[in-house]
Amino acid sequence: MEALLDNYNTVAATTVRTWFKACKVEDIPKNGGACIKYQDKQIALFNFARKGKWYACQNLCPHKMEMVLSRGMIGDQEGMAKVACPMHKKTFSLETGENLNGDLQPIATYPVKIEEGFVYLGFSE
Amino acid sequence: MKRVLVVGNGMVGYKFCEKFVSQQQADDFELVVFGDEPRPAYDRVHLSEYFENQDAKALELAPADWYAENGIRLICDQRVTDIDAAQKQIRTANGRLHPYDYLVLATGSVPFVPPIPGVEKKGVFVYRTIEDLEGMMAYAKEINTKKPNGKAAILGGGLLGLEAGKAVLDMGLEPHVVEFAPKLMPRQLDARSSAVLQLKLESMGIHIHLSKATNKILGENAITGMEFSEDDTLDVDMLIISAGIRPRDELGNTCGLEMGTRGGFVVNDKMETSEPDIYAIGEIALYNQLIYGLVAPGYDMAEVAVQQILGDATTVMPAEIDMSTKLKLIGVDVASFGTPYMPADKGLSILFENKTKFTYKRINVSHDGKTLLGGILVGDADDYNILHQMYLNGMPLPDNAEELIVGARGEGGSAFGSAMALPDSAQICSCESISKGTICDSILDGSCSSFKDVVHATKAATGCGGCKPMVTDLVNESLKSMGKEVKEVICEHFDYSRQELYGIIKVKGITTYDEALDTIGKGDGCELCKPALASIFATIYNDTANKEAVIQDSNDRFLANIQRNGSYSVVPRIPGGEITPDRLIVLGEVAKKYNLYTKITGGQRIDLFGAELNDLPAIWEELIAVGFESGHAYGKSLRTVKSCVGSTWCRYGMDESVSFAIALEERYKGLRSPHKLKGGVSGCIRECAEARGKDFGVIAVEGGWNLYVCGNGGATPKHAQLLASQIDNETVIKYLDRFLMYYIRTAAPLVRTAAWLEKLEGGIEQLKKIVVEDSLQLAQDLEADMQDLVNKYECEWKQAVVNPEIRKRFSHFVNTDERDDNIAFVDLREQKMPEPWIN
Ligand code: SRM
Ligand SMILES: Cc1cc2nc3c(=O)[nH]c(=O)nc-3n(C[C@H](O)[C@H](O)[C@H](O)COP(=O)(O)OP(=O)(O)OC[C@H]3O[C@@H](n4cnc5c(N)ncnc54)[C@H](O)[C@@H]3O)c2cc1C
Ligand code: SF4
Ligand code: FES
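Residue numbers (the numbering used here), protein chains in the order written: chain A, 1 to 125; chain B, 1 to 839.
Any given hint could turn out to be false.
Here are the in silico distance ranges between beta carbons for each label pair [as the list claims (entries may be wrong)]: (1) B/444 - A/102: 32 to 40 Å; (2) B/792 - A/88: 29 to 37 Å; (3) A/80 - B/500: 42 to 50 Å.
Source of the hints: derived by calculation from the structure; they are not laboratory data.
Beta carbons: idealized from backbone N, C-alpha and C, even for Gly.
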C-alpha cells in the first residue's frame with residue numbers, strides 16, 4: 001500500500017522534465033474529470049471550466065487507497081478548488097493537495113498545460 | 001521560574017495543561033508532563049469510535065505540536081516510578097530525576113481484573129487504551145477467519161460493558177454480557193428499566209446473562225469458555241473484562257501518600273493530597289471517599305488544581321458532584337440523573353413503561369410535587385438534557401408533572417419551555433462546564449454568529465456531544481432574538497434552503513447549474529449543492545441523471561453504485577419483487593458472462609456486484625434487450641415498492657398486494673427526491689411486506705387500503721403513520737401523488753420523509769390537512785406536477801446505451817482502453833469479492 005502512495009509525488013511547474021501528451025481537450029468533461037494512464041501511474045485530470053483552469057492529481061484516494069478521485073465532483077471551498085472523493089466524500093485541494101475535511105495526508109498534484117487543443121501533464125522523471 | 005510536573009497525560013492531565021496555559025500567570029511557570037502511553041492524550045470517552053475508523057489521530061485531544069507551541073514539555077512513553085516528597089523530586093523509569101515545586105498526579109485508573117482462575121489466558125482483554133482495542137481487533141479477526149459464529153463475552157453489565165457489547169457486535173462476533181448483579185447498569189438503573197433495556201439489547205443481538213458469578217475461565221492456552229457453576233458454562237472465544245476500575249496509585253507507596261482502603265489518593269476540596277504541594281485529580285483522586293469514573297468531575301478537579309497552584313485559593317470543588325450520565329453510541333438511549341431511584345419517604349415516582357417500544361421513563365419528584373429529584377430514561381432520552389437542567393437548576397415543575405415523560409406530544413407541543421427558559425447559570429455543556437449565559441453571550445456580544453463559531457470560541461459540545469441539540473437551540477434562539485434570520489442554507493454557494501431554491505429555480509426558469517450559480521449563487525459550487533440542484537432540476541424539468549453528468553452525485557454520474565475497490569453494482573428494477581423464470585435466467589447468464597457476484601438484496605431484487613466501469617454499458621445493453629430497466633439503486637429516488645405475495649396465493653390476503661405494488665412502482669419509478677424513497681404493500685395486517693417501515697406503506701384492510709407515510713428502517717427506525725384508512729386504489733394514488741410531491745418540494749437535501757415530518761410544524765395532523773383536506777389548495781398543482789413526471793419517465797440506462805457520447809463516460813482511462821489495474825478480487829464461497837481494505 002505504501003508503495004502505491006510512493007508512486008505519487010507532487011511535481012512543481014519548475015521541475016517538469018517530461019510533458020506527457022495526455023488527451024484532447026474535449027476528452028475531459030467541462031467542470032468534471034477523467035483518468036489518464038501514464039506509465040504505471042493513474043492521474044486524475046480535471047477541466048475546471050468555471051475557473052478557466054486545469055488541474056491534475058493522483059487518482060489514488062489516500063483514505064482507502066482506491067483509484068477513484070477522477071470520478072469525484074469538483075468545486076471550491078472559500079475559493080480553493082477542490083475535489084470530493086466519490087467513496088466517502090473526503091475533499092482535497094486541487095491546488096495544494098491538502099485534505100480539507102480531515103487529516104489524511106495530502107495528495108500529489110501535477111502541472112497541466114494546454115497546447116493546440118491537447119492536454120499535457122508534467123512529470124519530473 | 002517555578003516548575004509544575006504533571007504525572008499522567010490522560011484526559012484529565014491534558015485538561016489541566018489546557019486550563020493552565022490559558023491563564024496569564026502561567027508564564028511564570030515551567031510545565032512538564034509525563035505520560036506512559038506511547039502517544040499524547042486522547043479522548044478515551046470516544047474510544048469505541050476507534051473500532052470504526054482505526055484513526056488514532058482523530059481521537060487526539062491535541063497534537064504533539066500543541067504542547068510545544070504552548071511551552072509545555074511533553075514526555076511520552078515514560079513512566080514515573082518514584083516520588084521523593086522530602087526532596088521534592090520524582091524519578092522516571094529511565095532513572096532520571098526531575099525536581100518540582102508543584103506535583104500534579106493524574107495517573108487515572110486501570111480496569112479492575114477480578115482474581116478468577118484463568119484470567120491470564122489468551123483472548124482475555126480489558127477495555128481502556130488504544131492498544132487494548134488493537135489487541136481485541138486482531139484477535140477477533142483471527143476468530144473470524146477460523147470459524148463463522150465466534151462469540152465474545154463481556155464481564156460486567158455496566159455502562160462500559162454495554163459499550164463493549166456493541167463493539168463486539170461490530171467486530172462480527174456474538175456478544176454475551178455477563179453480569180453478577182440481577183440487573184444491568186446496577187448503579188444507574190432500577191429493576192424495571194433494566195428489564196426494558198435488556199429486551200432492547202436482546203433485540204439487537206446482544207445476549208444478557210444476569211446473576212452470574214464467574215468461577216473459572218476455561219481453555220488450554222486460550223479461552224474457550226466461562227464456568228459459572230458445575231453444570232452452567234458458556235462457550236466463548238474471547239472475553240472483555242469490564243468489572244470496574246482501580247486507581248493507579250502505585251506511586252503513593254513510594255512517598256507515603258494517604259490512600260483509601262480500595263486505592264486512590266485522598267484529596268480535600270482543593271485537590272491537595274496529604275503531602276504538601278502534591279495534588280491529585282481525575283480518576284486517581286479520592287474525594288468524599290469516592291472515585292468518580294467520569295470526565296466531567298475530573299475536568300472540574302483540573303480547574304481547581306490550576307487555580308490553587310496559580311494562587312486563587314477560593315476555587316474549590318463543590319461538596320456534591322453530579323453523576324448524571326447518558327449512555328452513548330450503542331444505538332439505544334439510556335440516561336439517569338440525580339437520584340435515579342429513591343425510597344418512598346423522600347419523594348414519589350412517576351413511571352411510564354412501554355415494552356413494545358422498549359421505552360421506560362421514571363421521574364422522581366418531591367412530596368409536594370414541586371421539584372425534580374432525579375430520573376431514569378431508557379429507549380427515548382431525547383428529553384434528557386432538559387430534564388437534567390430542570391433538576392440541576394431546581395426549576396419549578398409543571399402542574400401535571402407526568403407530561404414531562406408522557407408529553408403533550410404528537411400535536412407538536414411539549415411540556416417544556418425552550419432551552420431559553422433556563423437561568424443563565426444553567427450548565428449546558430457539563431464536560432466543559434459551559435453555562436447557558438456563556439453560550440448566549442458569545443452570540444449577543446457579536447463575537448460569534450453561528451453554531452460553529454460558538455463551539456470554537458467556548459468549547460461547548462466538544463466533549464461527549466450530548467448537549468449539541470441544546471447548544472444549537474440556544475444559538476438559533478439568540479440569533480433570532482437579535483433579529484437575525486437563522487436558516488438552513490444548503491452550502492456556502494447558495495444562501496437559500498432547498499425549498500427556497502426549488503421555488504426560485506422554477507419561477508426564474510433556470511435550467512442549468514452554471515446559470516443558477518451565476519444568477520443566485522456564488523463561487524464555483526461543491527459536492528453539496530451540485531446534487532441538490534440536480535435533484536431540483538429533475539423534479540421541475542424531468543431531467544434524468546444523464547443531463548449535466550458532472551453535477552450529479554458520483555453514483556448517478558455512472559448510473560451505478562460504486563463499491564469498495566472502485567467497481568460497480570448493477571441493480572435492475574424488479575417491480576414488486578415479481579420476476580419470471582426466464583428473466584431470472586438472463587440475470588444469471590449476464591452475471592456469469594461478466595463474472596459478477598450475485599446477491600438477493602434486502603429490497604426484493606437482485607444485485608450484480610463487481611462490474612468494471614468499462615463493462616457497464618454492455619451489461620445493461622443485454623439486460624435492456626430482455627426488458628429490464630434501471631432500478632435506480634444508486635439514486636436519491638424511488639427504490640423499490642416491496643410486496644408480500646397477497647391475496648392471489650396467501651390464505652389470509654385481503655387484496656392483491658403484488659399487483660398494487662407493481663402499479664405503484666411503475667408509477668413512481670425514476671422519481672428523484674431529496675433522499676431515497678421506498679414503498680411497501682402488504683396484503684393484510686400481518687404486514688409481511690414491512691410496509692410501515694417505508695416512506696409510504698399500503699396495507700389491505702376490510703373495505704380498502706390503509707395508507708401510512710413517513711417510515712423508514714436504517715439507523716433510526718420509524719414506523720410510518722396512518723394518513724388515511726379504507727381508501728380505494730385511486731385514492732391511494734391521489735394521496736400519494738400529493739404527499740410525495742409536497743415532500744419533494746419542501747424537504748432539505750438528504751432528509752428522509754420521517755425526519756421531514758418530524759420538522760413539519762403540526763406533524764402528521766397537519767400533513768393530513770394538506771394531503772387529504774387540501775388545506776393549502778395545492779392538491780391540483782401537486783397532482784398535475786406528478787402526472788407530468790410520470791408521463792415523461794424514461795429509463796436513463798436506455799438513454800445511455802444508445803448514445804455514443806454518453807457511453808464514452810464509462811471508461812476508466814480516457815487515453816487508453818486498458819482496465820484499472822488496481823482492482824483486485826479474491827474468492828469467497830465460490831464467488832468473488834473485493835480484496836478487503838487494510839487501513
Ligand atoms: C444492496 C443493499 C443491501 C443488500 O444487499 O441487501 C443495500 C445497499 C446499500 N445501502 Fe441500504 N441496501 C439495501 C437495502 C436497504 C434496506 C432494506 C429495504 O429497502 O427494505 C434498508 C432499510 C429500509 C430503509 O431504507 O428505510 C436500507 C437502509 C439504508 C440506509 C439507511 C437509510 C436511513 O434512512 O436511515 C442507508 C444510508 C443512506 O441512504 O444514507 C443505506 C445505504 C446503502 C448503500 C447505498 C451504501 C453505499 O453508499 O454504498 C448501499 C449501496 C450498495 C450498492 O452499491 O448496491 N441503506 N438499505 C439493499 C438494496 C436494496 C435494493 O434492492 O435496492
Ligand atoms: C471505553 C470508555 C468509555 C468511557 N465513556 C465515558 C463516558 O461516556 N463519560 C464519561 O464521563 N467517562 C467515560 N469514561 C471514563 C473516562 O474516560 C475517564 O473518566 C477519564 O479518562 C479519566 O481521566 P484521567 O486523566 O483521570 O485518567 P486517564 O485518562 O486514564 O489518564 C491517566 C494517564 O496517566 C498515565 N499514567 C498512569 N500512571 C503513570 C505513571 N506512573 N507515569 C506516567 N504516566 C502514568 C496513564 O497511562 C494514562 O495515560 C470512559 C472510559 C472508557 C475506557
Ligand atoms: S450500507 Fe447497507 S449494505 Fe452497506 S454495509 Fe451498511 S447495511 Fe450493509
Ligand atoms: S476512499 Fe476516498 S474518501 Fe474514502
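Comparing the hints with the structure gives:
no.: 1; hint: B/444 - A/102: 32 to 40 Å; in the structure: holds (33 Å)
no.: 2; hint: B/792 - A/88: 29 to 37 Å; in the structure: holds (34 Å)
no.: 3; hint: A/80 - B/500: 42 to 50 Å; in the structure: violated (26 Å)
Of the numbered hints listed earlier, the single one contradicted by the structure is hint 3.
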